[in-house]
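Q: Single-letter residue listing:
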Amino acid sequence: MTMLANLARLIRSKNAGPFELTFDIMFDDAAKYRRVKESGVLTRERIAACYGLEPSQVKFFLCDNALAVKASIPRPCFQGDLRDADGHGGQQYAPLMDIEVP
Amino acid sequence: MEEMRILSPTGVCGSGFLEESFEKALAKKPHFIGCDGGSTDPGPSHLGSGQPAFPREATKRDLRIMLLGARRIDVPLLIGSAGTAGGDVHLDWFCDIVHEIAAEEGLSFKLAKIHAEQKHDYLKKRLREGRIKPLQPAPEFNEGVIDRASCIVGMMGAEPYMRALEAGADVIVAGRSSDTAIFASIPVMRGFPEGVAWHMGKILECGAAAVVSRKTPDCMFAWVRKDHFVVEAPDERLRCTPQSIASHSLYENADPYKLVECSGTLDLTDSRYEAVSDRAVKVSGSAFIHAPRYTVKLEGAEKVGYQSVIIGSVRDPFIIRQIDNWVEQLEGRIHARVKQIYGERMSPEQYFINIRIYGKNGTMGPLEPVKEIRSHELCLVIEATAPTQDIASSIAGVVRHQALHLPIPEWSGLITALACPYNPAHLDRGAVYRFNVNHVVEPDDPYEMFPTEYVQIGTASKQRQRAAA
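Chains as they are written, first to last, in my numbering: chain P, 1 to 102; chain E, 103 to 571.
Only chain P is shown next, with the shape it has when bound in the complex (with noise of 0.2 Å):
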């Protein structure tokens, strides 16, 4: 087992305008991307308990041709609402870096 950040060469968030979020988790060779898509565990319905969301509210695409595996979700908080603690979106990844690769 391998932790998904030592697999990715890029694990990131960031607003897709003010009410969506957007994580990219990009691979800098076939083999690790191949493995990580095969493996199964990252899946939508990873990304939705990660985030405490339905299934049905992620939008999941695996992106063969850029190496990458992509999920975007309604922002928790709207962008620069009172509670919203991330103006960019750019720190939510974190819990996906500790997913395990097997």
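Calculated from the structure, these hints are not laboratory results.
Keep in mind that this is a model prediction, so the values were computed, not measured.
Built from N, CA and C at the ideal position, the CB exists for glycine as well.
You can trust all of the hints, since none of them are fake.
Covered stretches of chain E (chain P as the covering partner; in silico rule of three or more C-beta atoms under 8 Å from a C-beta of chain P):
# : region
1 : 133-145
2 : 340-349
3 : 459-472
Computed from the model, here is a short list of chain E residues facing chain P with C-beta under 10 Å:
# : residue
4 : L370
5 : Q409
6 : N456
7 : E485
8 : V534
9 : Y535
Following the hints, position chain E against chain P.
A: Same frame as chain P, but now just chain E:
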């Protein structure tokens, strides 16, 4: 026309680029220069307050190089989302810099100034007609929201740019705009396929962001042809690879394959990315699917109130181990004291106390999966938001005093629980804003929301002399 060449100096006007890269790109004879000037990413306060996110001097530096370059080779310069949020005050701020540079440099050109701020009466009319529709997720939008809004802008498509170009504009400064539309407009006008033009725009709108490893903001260049485009950074040290270009469509988009514009959707499902050198990538196969109805996305901001902030830290392990309980008690005491001071004049709904605990869950709040505090100190950021700055500052004063001396059972006697680095302990933040709309309008045509003014800068005769020379 077989080929059209496009230069994007940087991802946002004001963020900078290397003048050397810009000159290299000009030598490749671009047919036009485009640059994005804004985004919602800096947050609702820019739209609400009218303040741009980038400093005036930084914007002027970038703009001077672009204007001089575009006029020197006599090609159009298109700038969208002027002044960050693209409202009228932002557009005026930006055009003022254009005028200033033109006067300093003795430039003459025809300026088109395209407005994007929306009149409240127009929005109410379209709302009553059922022609304002929510995107997902969207806050409630009604006439009250329109009345409360400090500023609502529409995000224009490519058509207002095309019309300004047809009217002979040399320089276009537009309010809020689709970033991609800035770049897609001219190639689409010249008959290049829309899938190629819009996908090229999507890559170029971020400047050199799509290269493998961008060290500083810089230029990007594209060649648009009949069935593909090629993209390359003018700086030889920067490389585009098929993967770096394919990956760029992920950035800040909820869906990496379907990018919605006013007139339709750019579909990248069948896009192909091929290396044409170790630095340039050819992109083909992208499609643009026209929407049955033209839609314009709205962005709006309203004032929430005024805010004061207290930043302080806790080092005592007795307090840290009971921080949730301590904070809960603190909130209770703040509300009790505010009630004592203001009585009936201020209900709990009129002000808001927010306590963030950095070192515990400051970044992720309730979504933080790590429940155990592993730090020997915590930072508390406590905000008071109220109808006036005076009340917010007064409540911050209450917060400071209540937090300082809130007791814990482990100690007997008066404690001082919060270390305050600043004096006075609170910072007045002024007005705070929130985004209040995530909807689209269905206009009669692509232009009605975006009136255009034309201004002759310098003298028209100078322009003719230059053309003759």
